[in-house]
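Chains as they are written, first to last, in this note's numbering: chain A, 1444 to 1733; chain B, 3 to 198; chain C, 407 to 1078; chain D, 41 to 199.
Check before you lean on any hint, since a few could be wrong.
[Claimed, not checked] List of simulated lysine-lysine pairs, DSSO-like, C-alpha gap at most 30 angstroms:
#	chain 1	residue 1	chain 2	residue 2
1	A	Lys1541	D	Lys82
2	B	Lys162	A	Lys1459
3	C	Lys951	C	Lys895
4	D	Lys141	C	Lys442
5	C	Lys1015	D	Lys141
6	A	Lys1541	B	Lys10
7	A	Lys1549	B	Lys194
8	C	Lys758	C	Lys723
9	D	Lys141	B	Lys91
10	D	Lys82	B	Lys92
11	D	Lys82	C	Lys529
12	C	Lys951	D	Lys141
13	D	Lys177	C	Lys529
14	A	Lys1445	B	Lys92
15	A	Lys1541	B	Lys92
16	C	Lys740	C	Lys758
17	C	Lys951	B	Lys91
18	C	Lys601	C	Lys676
19	A	Lys1549	B	Lys91
20	A	Lys1645	C	Lys895
21	D	Lys82	C	Lys496
22	A	Lys1541	B	Lys91
23	C	Lys758	B	Lys92
24	A	Lys1459	B	Lys175
25	B	Lys108	B	Lys10
26	C	Lys826	B	Lys91
27	B	Lys92	C	Lys500
28	C	Lys654	C	Lys758
29	B	Lys162	A	Lys1645
30	C	Lys758	B	Lys91
31	D	Lys177	A	Lys1541
32	A	Lys1445	A	Lys1459
33	C	Lys654	C	Lys619
34	B	Lys175	A	Lys1541
35	A	Lys1541	B	Lys172
36	B	Lys91	B	Lys10
What the hints contain is simulated information worked out from the structure, not anything from laboratory work.
Values in this document were obtained by computation on a predicted structure and should not be read as measured data.
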Amino acid sequence: MKYAYYPGCSLRGTGKAYEESLLAVFQTLGIEVQEIDNWNCCGATTYLSVDELASYALAARNLALAEREGLDIIAPCAACYLVLNKTQHYIRDYPDIKTVVTRALKQIGLDYVGRVRVRHPLDVFLNDVGAKAITAKVAKPLKGLRVAPYYGCQIVRPYATFDDQGDPTSMDKLLAACGAAVAPYPLKTRCCGGSQKGTLPKIGLDLIRVLIEEAMRDGADVIATVCPLCQFNLECFQEEAGDSRPLSMPVLYFTQLMALALGASPGAVAFHRSLINIEPVLAAREIAYA
Amino acid sequence: MGLHRTVKFEADRDPEFARWISHTVGGERIRHCLQCGLCSASCPLSQYMDYTPRRLMHLSREGFKDEALGSYTIWLCTACYRCMVECPKKINLTHLMYALKERAIKERVYPKRFPIPVMARQFCAMIRGSGRITESWLMMRVFLRTAIWRMFGLRSLGWKLFQTGRLNLKPDKIERRDELGTILQSVATTRKELAI
Amino acid sequence: MPDAVSPTNGSNGSGPRVGVYVCHCGTNIAGTVDVKAVAEYAAELPGVAVARDYKYMCSDPGQALIQQDIREHALARVVVASCSPLLHEKTFRKALERVGLNPFMLQMVNIREHDSWVHLDGKAATDKAKDLVRAAVRRVVLHKSLQKRRVPINPNVLIVGGGIAGIHAALTLADAGKRVYLVEREPTIGGHMAKFDKTFPTLDCAACILTPKMTAVGSNPNIALWTYSEIASVSGYVGNYRIQVKRKPRYIIEEMCLGCQECVTACVYKDGKTPDEFNLGLSKRKPVYLPFPQAVPQKVVIDPEVCIEFKSHKCKKTCVEACGDREAIDFNQKEQIEEIDVGTIILATGFKTFDPLRNPYYGYGRFPNVYTSLEVERLINASGPTGGEVVLRDGKKPASVGIIHCVGSRDANTNRWCSKVCCMYSLKLAHLIKERTGAEVFNFYIDMRTPGKGYEEFYDRLLDEGVHFIRGRVAEVTDWPAHPSEEGKLVIRAEDTLAAFVRRIPVDMVVLAVGLEPQPDAQAVRRMFNISCASEGWFLERHPKLAPVSTFTEGVYIAGACQGPRDIPDSVAQAGAAAAEAMALIDSQFVELEPYTAFITEEECSGCKSCIPMCPYQAISFVPEKKKAAINEVLCKGCGTCVAACPSSSIQQNFFEDDEIFEEIEGILAYA
Amino acid sequence: MRNRQLARAPVSPETFEPRIVAFFCNWCTYLAADLAGTSRMKHAPNVRVVRLMCSGRLDPQFVLDAFAQGADGVLIGGCHPGDCHYQEGNYKTLRRYHLLKRLLQQMGIEEERCRLEWISAAEGDRVRSTINDMVEKVRALGPLHFNVEREDIEEEVTV
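Bound-form chain A, shown alone (with noise of 0.2 angstroms):
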């Protein structure tokens, strides 16, 4: 198993627990990756709205590099991965927007003709590695770990033809596999407000809250993610968004709960990057760290 690996530049920031635990955890399931030469930022949801056609343009330059490679991509990263299969799918359906694409990498000595295929390590490692053999090389079983899979919205919305868009189960599958117990999390692909927070702060933070205080009631020990963006915002905004009330959820990677379970070392799970320690509840739980 072989991909072309394209991390983003969210997970060269403050998503670096994300690279950090994923890069281990295909190390364990013997899937092998190859970063793509000098990726560019995929553009995310903004630059579609400055200057749409450019924004394919850019987007698909790593697209065409990875096909060279004959490689398909994995790309972790939410809205790098709704970016490049939105790309993938607009060059597509509109005889226009692949002429502007296929001209524009033309001239820097690059073909793409749509084979390479876009996917998210939720799908590669249930659909490609199997939910049993993730099982069989689970070292520490995440034994009475609650934890409330957040998807976010871009993973399974609108391209994603590996999961249910209204009920996505990948991710709790992929957790049953290394033996947490999974919280029925009905928000599960509610939008965490993206950049929202950024920039208009107090919209933010109501909708970060709805989220930690649904998976509270869930009886969640912690929420795991696929999203660098709802990461950060679920965790670093957590102590604003209480409101009356303190909230402290562990936020962490899907990833990172996996890495711990097959075994990682301390430094790929990346617990030190969290700015809400899990180890109390580890502990509680009695799940050894490190």
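Position chains B, C and D against the provided structure of chain A, taking the given hints into account.
Frame of chain A, contents of chains B, C and D only:
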């Protein structure tokens, strides 16, 4: 209480705008909209909007351009795609929000110092310059152009992020950055050629 | 008399004289096709003795025109260029027949459906019409006299489905003295209607109007009622269908059972443990049960899945004891196949309701107090699980109820169609809930659709009663409180599109007005009966306006909601129509079959047997004495597959002979 | 044997309009074409329909004859698998179609010129899209040119 005219004349409508929205990429089915309001009700942000997404769709397809482009709604959209996947007529709402945003930026009709368009511009400028986004620098640039006092509010969070190694002070840059310029140049040329 | 175009060269030859008639169909054809030019063109074709165009060929004067020409011009062949042959081929054939010309001396040219209605360019459409007319003229010359086959019609009728449509059709036919087999899958007839409490807009009690009809079915000597049975196979053709019916074992000898239900009382299970299908799982039943008190037939059923005797063979069999010398219980009953012969068939297989589990946002299955409309029908029904009390799962009366319209309707993500009955039944439920509980009732709708006698007036009544109507499709039902007033409630989130803001409305009970869908096995059923389905899966009628209960298979009719969503009055009307159609066919005693059968020219048959496996009806046999194949004309249905397979062209198909088709192809492509 | 004259009017590439002969089953595709009519679904006027009771009646020689007489394309419409009005005629059609395609290939007739489609009575829209699509494809191919001698085809047709 200021009274103003609420009746609309045909002269208030911009038929070109109506044509544009239904011919733009993603606007193919906007005429099918049955105004059920599912988009508004499923939107996590609609509670703050001046016009609900449903109203925005109707205003746009009828050609009420000033109302549509001047609305806060387009800037509040976080692109969560919920309205789009649930729309009973499969209208590509999220994309239309992008299209309206793009047009508003082009026509420079958005509230002054409103952080979202500013952020969008800074974001794109950074990609063009470095090829990648360095979050710390992006936030800095946005705050400098909107409300500088907020920097202080974020000081303690910034320090925490720095301590946990999540704040990059060194901007991330890719090699062969000129390729991006070439791409953008080509896009501009083809766009003119195809008149899109 | 309209102008006739006289040929300048045509009919001087020795071949049969052809008349060509080009129809304007008002402006339907003439608006696009230059009909005059087509007629003028036809007049010049070899063999054509007369060519005319006329406003409406199918009208009486139009037909008279043809008949007059046949006499005056001694026409031997007729070409009519008008609409689809499926519409008027019969009409014109009869016109020929009435003046003594063999009806098969006609060839129709479809210049409406296949031409004027689908093309914008008048020149191209006219050219196409000319090509088609030329082909028809060349083909018709080769036509031969043919005789329709007359076969007697078996007067018995099969009706599939015992809902209100099937019941009404069965009674109509039986009262007219026809023998009816009514086959129903469930252990009782009654269908969906039997589950309802009241019917809109008159609010008469469903049971009061339905049960007399059900009883009448049970006691009518002309009706053989086979419940708990399904169709296994269908063969034959119009007037002569052979049906195999699979009769599932109910482990009760129907003739012996009196419906006293003493066995039910005696069952070793003190209380029911199995979800009761009739009450949609809102109550429990025992392994031996009567589906509901007014079930017809009044015969109990034993469910082998849960009956102890079937599991362990160690039950005390208190039921057998209670039944005593009636000896109606038979644990060894086996499935049986019965074979019947009928002449006509009415399909009234009904619909199913949308499964709201497909929409995760409405919380069905997650929140106990989210119900489907059908479940609420049972709650309201006096013979239902709560004795007619509208109560929540915890037994409390709801103080506020939200009814969500269009669940699984008007939605590209599920079903695109409007289910037609939901607005009205939602109004009915709103009224009944308000009447029984005094609750505040909120209707969330997209558009209120109340077209029907007394329907709009009923809507007015509901508005008077103070029911809230909020125009907006609901996005979600949640138990997440955003305000203290929402604690412990189900919150419905929708845009009030008329007020233009989003509202959150806390309620105690949510009712999902689920839409109507084709039965899950509709495809299998329509294949068995050789009929078509529209793309959504509803059975396809022969013509949406003029033959709404007929199908493309002669002798097979459809009635009720298997054809599309419809309410009770429409279903009953359709059932009556289907019964009348069947009766008309039966009373004509004979059915005429198209003579499009295959025949063998014996001299040319080499006896290679290639044709024999081609025939799905075993109509071809090999005659060893002659070393030739022979076709049984009675069994042949006229598909022509054997004709295409015959290497020596010794098999031909009447009306579709090789030469006729070649002539048509060449006529199309020939340049004049 | 029948006496046939090969017909072909001169065509220039600019004014070329493909001539397509269609063989439609009476129970499905013919009805679908009627439905396209009653629904006023406009489509290209290049197709002429020959009605057959079943696509199983289609003798491959009909197709060869059409090509020999100057058709640029042949469209065959039958019921979906499992939906044949005569139980299984369409399966026979499919088998013959595969053989026919091979023969056409040997004769140098491009694949897009002969097409088999399953179109049910309810699919008026598919009649429209199929015809439009086929007309465009055949238009792109241009008029039919045989790579084999006319006489050879004549021989095939008149076997």
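For each hint, the structure was consulted:
About 29 angstroms separates the Cα atoms of lysine 1541 (chain A) and lysine 82 (chain D), which keeps this hinted pair within 30 angstroms; it holds. With a CA separation close to 14 angstroms, the supplied pair lysine 162 (chain B) and lysine 1459 (chain A) stays within the 30 angstroms bound. A C-alpha spacing of about 48 angstroms is found between lysine 951 (chain C) and lysine 895 (chain C), which places the hinted pair above 30 angstroms, so the restraint is violated. A threshold of 30 angstroms between alpha carbons decides the hint, and for lysine 141 (chain D) with lysine 442 (chain C) the separation of about 41 angstroms lies outside it, so the pair is violated.
With a C-alpha separation of about 25 angstroms, the suggested pair lysine 1015 (chain C) and lysine 141 (chain D) falls inside the 30 angstroms cut-off, and the hint holds. The hinted pair formed by lysine 1541 (chain A) and lysine 10 (chain B) fails the criterion: a straight-line CA distance of about 40 angstroms is larger than 30 angstroms. Our distance criterion of 30 angstroms between C-alpha atoms is met by lysine 1549 (chain A) and lysine 194 (chain B), whose separation comes to about 18 angstroms. Simply put, lysine 758 (chain C) and lysine 723 (chain C) have alpha-carbon atoms about 36 angstroms apart, too far for the 30 angstroms limit, and the pair is violated.
Distance hint between lysine 141 (chain D) and lysine 91 (chain B) is unfulfilled; the C-alpha atoms sit about 41 angstroms from each other, more than 30 angstroms. Of the supplied pair hints, the one linking lysine 82 (chain D) and lysine 92 (chain B) holds, its CA atoms being roughly 25 angstroms apart against a limit of 30 angstroms. Note on lysine 82 (chain D) and lysine 529 (chain C): the hinted pairing holds, with a Cα-Cα distance of about 15 angstroms set against a maximum of 30 angstroms. Between lysine 951 (chain C) and lysine 141 (chain D), the direct Cα distance comes to roughly 41 angstroms. Violation of the 30 angstroms bound is thereby established for this hinted pair.
Distance check on the hinted pair: lysine 177 (chain D) and lysine 529 (chain C) sit about 22 angstroms apart at the alpha-carbon level, within 30 angstroms; holds. Of the supplied pair hints, the one linking lysine 1445 (chain A) and lysine 92 (chain B) is violated, its CA atoms being roughly 36 angstroms apart against a limit of 30 angstroms. Straight-line distance between C-alpha atoms of lysine 1541 (chain A) and lysine 92 (chain B) comes to about 23 angstroms, which keeps the hinted pair within the 30 angstroms bound. With a C-alpha separation of about 29 angstroms, the suggested pairing of lysine 740 (chain C) with lysine 758 (chain C) holds against the 30 angstroms cut-off.
For the suggested pair lysine 951 (chain C) and lysine 91 (chain B), the alpha carbons sit about 28 angstroms apart, so the restraint of at most 30 angstroms is met. Between the alpha carbons of lysine 601 (chain C) and lysine 676 (chain C) the distance comes to roughly 26 angstroms, so the proposed pair stays at or under 30 angstroms and holds. Distance hint between lysine 1549 (chain A) and lysine 91 (chain B) is unfulfilled; the C-alpha atoms sit about 37 angstroms from each other, more than 30 angstroms. Distance restraint check for lysine 1645 (chain A) and lysine 895 (chain C): the Cα-Cα separation of roughly 27 angstroms lies within the 30 angstroms cut-off, and the hinted pair is therefore satisfied.
Annotation: proposed proximity of lysine 82 (chain D) to lysine 496 (chain C) holds, straight-line Cα distance about 28 angstroms (limit 30 angstroms). Pair hint lysine 1541 (chain A) plus lysine 91 (chain B) holds up; C-alpha atoms about 26 angstroms apart against a cutoff of 30 angstroms. Our distance criterion of 30 angstroms between C-alpha atoms is met by lysine 758 (chain C) and lysine 92 (chain B), whose separation comes to about 25 angstroms. As the CA atoms of lysine 1459 (chain A) and lysine 175 (chain B) are separated by approximately 17 angstroms, the hinted pair is consistent with the 30 angstroms bound.
Taking the CA atoms of lysine 108 (chain B) and lysine 10 (chain B), the gap is near 26 angstroms; set against the 30 angstroms cutoff, the hint holds. In summary, the hint linking lysine 826 (chain C) to lysine 91 (chain B) is supported, as the alpha carbons are separated by about 18 angstroms, within the 30 angstroms threshold. Annotation: proposed proximity of lysine 92 (chain B) to lysine 500 (chain C) is violated, straight-line Cα distance about 51 angstroms (limit 30 angstroms). In summary, the hint linking lysine 654 (chain C) to lysine 758 (chain C) is supported, as the alpha carbons are separated by about 22 angstroms, within the 30 angstroms threshold.
Straight-line distance between C-alpha atoms of lysine 162 (chain B) and lysine 1645 (chain A) comes to about 21 angstroms, which keeps the hinted pair within the 30 angstroms bound. Pair hint lysine 758 (chain C) plus lysine 91 (chain B) holds up; C-alpha atoms about 23 angstroms apart against a cutoff of 30 angstroms. Restraint check for lysine 177 (chain D) and lysine 1541 (chain A): the C-alpha separation of about 21 angstroms stays at or below 30 angstroms, so the hint holds. Note on lysine 1445 (chain A) and lysine 1459 (chain A): the hinted pairing holds, with a Cα-Cα distance of about 22 angstroms set against a maximum of 30 angstroms.
With a C-alpha separation of about 24 angstroms, the suggested pairing of lysine 654 (chain C) with lysine 619 (chain C) holds against the 30 angstroms cut-off. A distance of roughly 28 angstroms separates the Cα atoms of lysine 175 (chain B) and lysine 1541 (chain A); the hinted pair therefore holds under the 30 angstroms criterion. At most 30 angstroms may separate the alpha-carbon atoms for a hinted pair to count; lysine 1541 (chain A) and lysine 172 (chain B) exceed this at roughly 36 angstroms. Proposed proximity of lysine 91 (chain B) and lysine 10 (chain B) is supported: the alpha carbons are some 28 angstroms apart, at most 30 angstroms.
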